[in-house]
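Put chain C on the given structure of chain W with help from the hints.
Number of protein chains: 2
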Amino acid sequence: MFLATVTVTIKENVLDPQGQAVEGALHSLGFEEASNVRIGKYMELTIDSGDREEAHRKVVEMCEKLLSNPVIEDYQFELTAVQKGVAL
Amino acid sequence: MFLATVTVTIKENVLDPQGQAVEGALHSLGFEEASNVRIGKYMELTIDSGDREEAHRKVVEMCEKLLSNPVIEDYQFELTAVQKGVAL
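In order, the protein sequence lines correspond to chains W and C. Each residue of the first sequence is one higher than the one before, counting from 74 in the numbering used here. Each residue of the second sequence is one higher than the one before, counting from 74 in the numbering used here.
Chain W with its partners taken away, still in its complex shape:
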């Protein structure tokens, strides 16, 4: 089994209105030092597979088909071997 931690971010040249809203809210709260706020998604999932390469291939497929929108988003992920939820 593998724990996959996936990060999905909006591509650099794509507008991020959610990030702009959070940046505005931070400034309103007095955090003037915050800028370039970009919001993405973070996902954790367990992959029931004994083979790292197969798990890797599956996660790529999940990211391309469902977890991200490849037109406007980038994704990256890490695989950690686990046994019943405990890192090896």
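It is worth saying that the hints were derived from the structure and are not from the lab. Just so you know, even glycine gets a beta-carbon here, dropped at the ideal spot from N, CA and C. A few of these clues could be false.
Facing chain C, a subset of chain W residues (Cβ under 7 Å, in silico) [unchecked claim]:
1) Glu-106
2) Tyr-115
3) Met-116
4) Leu-118
Below 27 Å or equal to it, Euclidean Cα-Cα: the simulated DSSO-like pairs (lysine-lysine) are [what the hints assert, rightly or not]:
5) W:Lys-114 x C:Lys-138
6) W:Lys-84 x W:Lys-138
7) W:Lys-114 x C:Lys-131
8) W:Lys-114 x W:Lys-84
Pair by pair, the computed Cβ-Cβ distance ranges are [what the hints assert, rightly or not]:
9) W:Asp-147 x C:Gln-156: 16 to 24 Å
10) C:Lys-138 x W:Gln-156: 34 to 42 Å
11) C:Arg-130 x W:Glu-126: 40 to 48 Å
This is chain C only, laid out in the frame that chain W set:
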């Protein structure tokens, strides 16, 4: 300047309906090997500060006040020294 990368996750004992929905969708697409899907947030922001300790303190404050809901969410972050958006 520092680049802060913040990850906000739902606490382990809190239900994650969004994760359950994504897990159901993965299964519908034939990805039966996916389980324990949990969805969180990923944020990148630039902190205009020359002092790592001050930047760290500010990001903790931002996480506690706005970026996360400490009642049901955990957060962690990393700070990377940058110059005009380029890692040093």
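Q: Assess, step by step, whether the Cα of W:Lys-114 is no farther than 27 Å from the Cα of W:Lys-84, and give holds or violated.
A: 13 Å, holds
Q) Holds or violated: are the alpha carbons of W:Lys-84 and W:Lys-138 at most 27 Å from each other? A) Cα-Cα ~17 Å, so holds.
(Q) A closest beta-carbon separation below 7 Å is what the hint needs, so does W:Tyr-115 meet it against chain C? (A) 4 Å, holds
Q | 16 to 24 Å as the expected CB spacing between C:Gln-156 and W:Asp-147, which holds or is violated | A | 23 Å, holds
**Q.** W:Lys-114 paired with C:Lys-138 [C-alpha distance capped at 27 Å]
**A.** 20 Å, holds
Q. Are W:Leu-118 and chain C close enough, Cβ to Cβ, to be under 7 Å, as the hint says?
A. 4 Å, holds
Q. Lying within 40 to 48 Å: is that true of the beta-carbon distance C:Arg-130 to W:Glu-126?
A. At roughly 43 Å between Cβ atoms, W:Glu-126 and C:Arg-130 fall inside 40 to 48 Å, so the hint holds.
Q. Does the hinted range 34 to 42 Å hold for C:Lys-138 and W:Gln-156 at CB?
A. Holds, at about 38 Å.
Q. Has the given pair, W:Lys-114 with C:Lys-131, been kept, meaning a C-alpha gap of at most 27 Å?
A. 22 Å, holds
Q) Would the hint on W:Glu-106 stand, with a C-beta cut-off of 7 Å toward chain C? A) 4 Å, holds
(Q) Interface hint check: W:Met-116, Cβ to nearest Cβ on chain C, cutoff 7 Å. Holds or violated? (A) 6 Å, holds
Of the numbered hints listed earlier, not one is contradicted by the structure.
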